[in-house]
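This is what each chain is made of:
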Amino acid sequence: MNEYSRKMLKVPTYNLLREQDKDKLPVLDVRNLGIDFGGLTAVDSFNITIGPTEISGLIGPNGAGKTTIFNLLTSVYQPTRGSILINGIDTKGMTTHKVNKLGIARTFQNIRLFSDMTALDNVKVGMHNQIKCSFLSSLLHLPGYYKAEKKANEKAMELLDFMGLGDVANQKAGSLPYGVQRRLEIVRALATNPSIILLDEPAAGMNPSETTELMHQIRRIRDTFHIAIFLIEHDMNLVMNVCEAIAVVNYGRIIAKGTPEEIRQNPAVIEAYLGREESNA
Amino acid sequence: MQIIQYLINGISIGAVYAIIALGYTMVYGIAKMLNFAHGDVIMVGAYISFCVTNYLGLPSAVSVVAAVVVCTVLGITIEGLAYKPLRGTPGLAVLITAIGVSYFLQNAAQLIWSSSPKNFTSIVTMDPISLMDGQLVITGEVLLTVCVSVAVMVGLTFFTSKTRTGKAMRAVSEDRDAAQLMGINVNRTISTTFAIGSALAAIAGVLLCSTVPTLMPTTGSMPGIRAFTAAVFGGIGSIPGAMLGGVLLGIIETFSKAYLSTQFSDAIVFSVLIIILLVKPAGLLGKQVQEKV
Amino acid sequence: MKKYLALLLACLMAVSLFTGCGSSGTTETTAAAAANETAAAGETAAADDTAAAPAIKIGLTGPLTGANSEYGLAVRGGMEIAVAEINALGGLQIEFKAEDDEADGSDKAVSAYNTLKDWGMQIFAGAVTTGSSLAIAAETVNDQIFMLTPSASAVDVAMTGSNVYQMCFTDPNQGASAAELMAEKWPDATIGVIYDSSDAYSTGIRDGFLAKAEELGLNVAVSDASFTADNKADLSTQVTQCKDAGCDLVFLPFYYTEAAQILTYANTIGYKPTFFGCDGMDGILNVEGFDTALAEGLVLMTPFDANATDDATVSFVEQFKANNDGKVPNQFAADGYDVIYALYNACVAAGIDGNTPADEACALLQEQFATMSVDGLTGTGMTWDENGMISKAPAAMVVTDGVYVPMG
Amino acid sequence: MKTKMNTLLKNKNARTNALTYLVVIAAFLVTQYLYSADALSSSVKGYLIPICVYISLAVSLNLLVGICGELSLGHAGFMGIGAFSGIVIAALLKDTIPNDALRLLCAMFGGGILAGAVGFVIGVPVLRLRGDYLAIVTLAFGEILKNIIGNTYAGIDESGFHMAISTTKMPLETGGKYIINGPLGATGIQKIATFPMGFVLVLFTLFVVLNLINSKEGRAIKAVRDNRIAAESVGINVTAFRMKAFVVSAFLAGMAGALFGLNYSSVTASKFNFNTSINILVFVVLGGMGNILGSVISATLLYVLPEALRSLQDYRMILYAIVLIVVMLCTWSPKVKEYLSVIGDKLGGLRKKKEVGSHE
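Chains as they are written, first to last, in the numbering used here: chain A, 588 to 868; chain B, 6 to 298; chain C, 18 to 425; chain D, 611 to 970.
Hints were generated in silico from the structure; no laboratory data involved.
Ideal placement from N, C-alpha and C gives every residue a C-beta, glycine not left out.
Honestly, I wouldn't trust all of these hints.
Said to hold, decoys possible - For lysine to aspartate or glutamate, the following EDC-like pairs were computed, each having C-alpha atoms within a straight-line distance of at most 16 Å:
| id | chain 1 | residue 1 | chain 2 | residue 2 |
| --- | --- | --- | --- | --- |
| 1 | D | 655 | C | 135 |
| 2 | C | 289 | C | 313 |
| 3 | B | 292 | D | 742 |
| 4 | D | 779 | C | 241 |
| 5 | B | 285 | D | 742 |
| 6 | C | 289 | C | 265 |
| 7 | B | 37 | B | 179 |
| 8 | D | 801 | D | 783 |
| 9 | C | 289 | B | 180 |
| 10 | D | 787 | D | 710 |
| 11 | B | 37 | D | 742 |
As the list claims (entries may be wrong) - A few chain B residues that face chain C, going by a derived Cβ cut-off under 10 Å, partial list only:
| id | residue |
| --- | --- |
| 12 | 18 |
| 13 | 119 |
| 14 | 123 |
| 15 | 124 |
| 16 | 125 |
| 17 | 146 |
| 18 | 190 |
| 19 | 192 |
| 20 | 218 |
| 21 | 258 |
| 22 | 262 |
Next up, chain A with everything else stripped away, as it sits in the complex (with noise of 0.2 Å):
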């Protein structure tokens, strides 16, 4: 599995709906989405549609509601207005975990990694609902425990090298070195089998080579697991890059969609970031 790694792949741009997902039922669809947090507005009139294999991008200026949306995405917080719909099936007054099991799974922008675990051991908790394995079969460690965990682990070991970090896989989660965490995460996030994937910020902290890498590592994820990919991200060289569609927010509200392209020249973007996004490039 470690040729992924060697592999450079070219990083194409692409058009806004793929001509492979025309047709068909979006992964994610969230309809006129809000929250109110004790009478103040964080989100509002939210709408996105993304296709099952389609990389979208979230931008907007620190505090205009990125996270929150994520978090929205996920469950951790219930939205006051509005539906969420994965794989067409409505979220409403789920439990992050279940959300999980209906196909959607993220990384942090704070890395968010159980530090006290070796990188395997990650990875593998991020597998918990594809382990077949009873619970009395864990408690007595029946034959069944023994197999399911190789399984397991096989699996994991693949995942990891698959992100490059299959030389980390003993070494605590906590010891690694930033930008190893945060592709650690994406690894996690995987392995809990996902349709789609929130990524927070994922180049946050990353040395430009690093990203560069990012950059490649996302594409291939997208095209080795057929998964759609919506990511926060502050580096404008990345979210114009590799997403196909982006969003812009600002004040909990859409002020802009469109192709990179169309992003680029929008007055409304620019207006936002006053000239910010260029800077960055």
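Here the structure of chain A is known, so what remains is to put chains B, C and D in place on it, guided by the hints.
Frame of chain A, contents of chains B, C and D only:
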């Protein structure tokens, strides 16, 4: 009429719980530790006051001052020797140490003052107020305890919101590291908190034993646990919450004894506590902190 | 790993440190026991004299630390006086040892008992509390060690085996005698009962009392005002309940510690019924700081009166005070004292000495106790029935001007 | 390289577990040998079963406190349920199962199942709470339980088994025998607990807890402790796992309680109070949170310590308190630890070598 008398009885013991709970909540709010030795500091305070009045023959006001001084010193010493070295370690380590301190104080008191009970002479000399032909009796202890606990509550609220040291305490309570970065001496602030908490314990001890005269080395432990319960009930860390929790606990306890069952009153009181916590997981006046994601 | 090492080292260090001071601690206790005037001869000297017949080993377990330690320490104090007196006589010698059982009804009690067994105990003179006695009694039946408890009063204790005897009244009997006395003196009174529902002694008396009271047709208006060990901080509600029910006689079958609290509160709210206590009430007049005026008119059934003027009591009280910082002994101490004398008398009569194996001593003592009669601080002509329960006359006393006066 | 490291890690995990089992088995064999050679005093013999009980309690509480990260102050409550139900079961089965060991096993499993069931019933509402609030609720629960058991009567008479929770003594027909007698507790218990059974209990507890830690459930439980929100985001039902840990822990405590109850001829409800819960917690914290072998060792040492201090008479509990504080400072305080390690370095060779060998 009966019901009002029970209410008064409930408020009486409740106000004692409240003043103990205020000490618990102070220390918990700032040092983030459950100081299980608090109840035993109360016991020490009561013994000091008893000794000063009965052995030295000094007036009760002097005995209260002596109790406050001794307990403050004791509190600072305990904090310095047993808790400070464990700063920054998991909360459970300090909890166990606090339990060790509690055992130590109880056994030391037994060796010093022997285990036979002493009858504490109330510091209140006022005659009870009798209403409705003696159907309703309000004792001086009730009035004093209620007044003192309200005064302490108001005083603490004022102290933590207006004075420099009090603000430093709140800062340490919110975020210890940030407070340190802002130039607040965290160690000294925590020591001050213990000093205040222990001084309160001394006053609580005198009031507890004025209301409930039996004084033994284990006198502080059960009221201590009740008061801790009261502090959680009201929302631990919240000063008015401790007051409210203490008084409510006293009233619930008295009413359950009076109208439901004396035998099962422990079970009833704690069941009410559990139900309240299920409805309001952070206690009555506690702040529900939303975890930041 | 490092942590256990540290833990282990610290534990070892601590233990070695304390066993170092340990020896000095024990000497202190023996020294204290020997220091009283009547035992001028001293234990060690006496033991030397009788090298031929070693001392009988009598053991006691009781709460010496913790919430109930006042009872354990009182019994130990009483026993130490009796042992010192007997040893000073120069005849049969007694070696006495007390172990802490923390008033725990299971593992701690059995550990304390086992420690005594390892020491070579021949006769068991405990335990102080009912819970511990129940746990230990079964062990003594197994080991065939004679057991005479000074203060465990539940019927179940004596019923555990034929080798288990009691020095104090059984609870239901005491409750029944209280009811009888009330029927005699206050047949028309409205009676209230307050009791400790978490305590076997208190519930035992209360159950016995209620049964008898019903039989005698007494008017019990309040029968379930109770408290528990955990909530006895506030007893005002129970007093108010009795007051509201119009009770003019309030039965308090529990220890003086809580009774002092009740008397104080009742006085504060101006409620003045006749209070009626049991043997556990003895000691109330000697609570430090307690205003004895509050106990004026209190009726109690106690076998022991520290203010009695007979020589035995006077000498006992004096010695107890000398040994215990001037503390006045209560009935626990007196029961302890009587237990040692009863055992001593029986041993002398049966010819038991330090060489008699425990099981033989047990059989011999059972024979003795079946027939003998003992005079002591807590009664005269005390005898035991076949179950090991004592028969002695409960004396009703009234507190008048701060002292007990036998009730007319 | 990778596979090598992987096997090494696996070995390390397995090694720690094997060491735990080995220490326990060796300790048992040595003790059993001394026992049969009659080299043990009655007091030491008396410690054996309670030590097994407290080891099981400490290990099961460690699952909750150390692994799961939830503070419980009511563990003795589950022990109490196990003890009293075990006693009743053993008394009821007296004629059905004449074999003592078998009856003891039934009583232990019965006690465990009942304690686990109560744990489940309580857990449903209570496990929504966190941290100190959970702690206070478990404390409250322990007190409620003690209060109820103290007013429980159970007995057998000619018309069969009767049980009541009541403020007045439940009457039995003449010739009836009380099993649980209100505030007197359970009396007249037939003592059927044995040391080998205690050892079996310890092994069973270790087996269940260690297996659980090394399974997907164990990983999930640790994940919940490390980072609840992240654990939820990868599809772990946090409440369910807290519940599983809580119920397993209660079940094991119930089994230990049944063994404890059947080792004495009387047991009172007040034994299962806050102080006992705290003592078990002390074993766990001193042994190291999440460290199973540590719990085993510290439960043993700390149970024996107050007994070893008996010669000090009235001073023993105060010294126990001092030892407790000193040991806490030695094992946790960074400053004291530093100081100790300086001394350790001076002691040189032997200790240093050991540390390298067992470096985490």
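Going through the hints against the structure:
no.: 1; hint: 655(D) / 135(C); verdict: holds, 11 Å
no.: 2; hint: 289(C) / 313(C); verdict: holds, 10 Å
no.: 3; hint: 292(B) / 742(D); verdict: holds, 14 Å
no.: 4; hint: 779(D) / 241(C); verdict: holds, 12 Å
no.: 5; hint: 285(B) / 742(D); verdict: holds, 14 Å
no.: 6; hint: 289(C) / 265(C); verdict: holds, 8 Å
no.: 7; hint: 37(B) / 179(B); verdict: holds, 10 Å
no.: 8; hint: 801(D) / 783(D); verdict: violated, 25 Å
no.: 9; hint: 289(C) / 180(B); verdict: violated, 57 Å
no.: 10; hint: 787(D) / 710(D); verdict: violated, 20 Å
no.: 11; hint: 37(B) / 742(D); verdict: holds, 10 Å
no.: 12; hint: 18; verdict: holds, 4 Å
no.: 13; hint: 119; verdict: holds, 7 Å
no.: 14; hint: 123; verdict: holds, 4 Å
no.: 15; hint: 124; verdict: holds, 4 Å
no.: 16; hint: 125; verdict: holds, 6 Å
no.: 17; hint: 146; verdict: holds, 8 Å
no.: 18; hint: 190; verdict: violated, 30 Å
no.: 19; hint: 192; verdict: violated, 25 Å
no.: 20; hint: 218; verdict: holds, 5 Å
no.: 21; hint: 258; verdict: holds, 7 Å
no.: 22; hint: 262; verdict: holds, 4 Å
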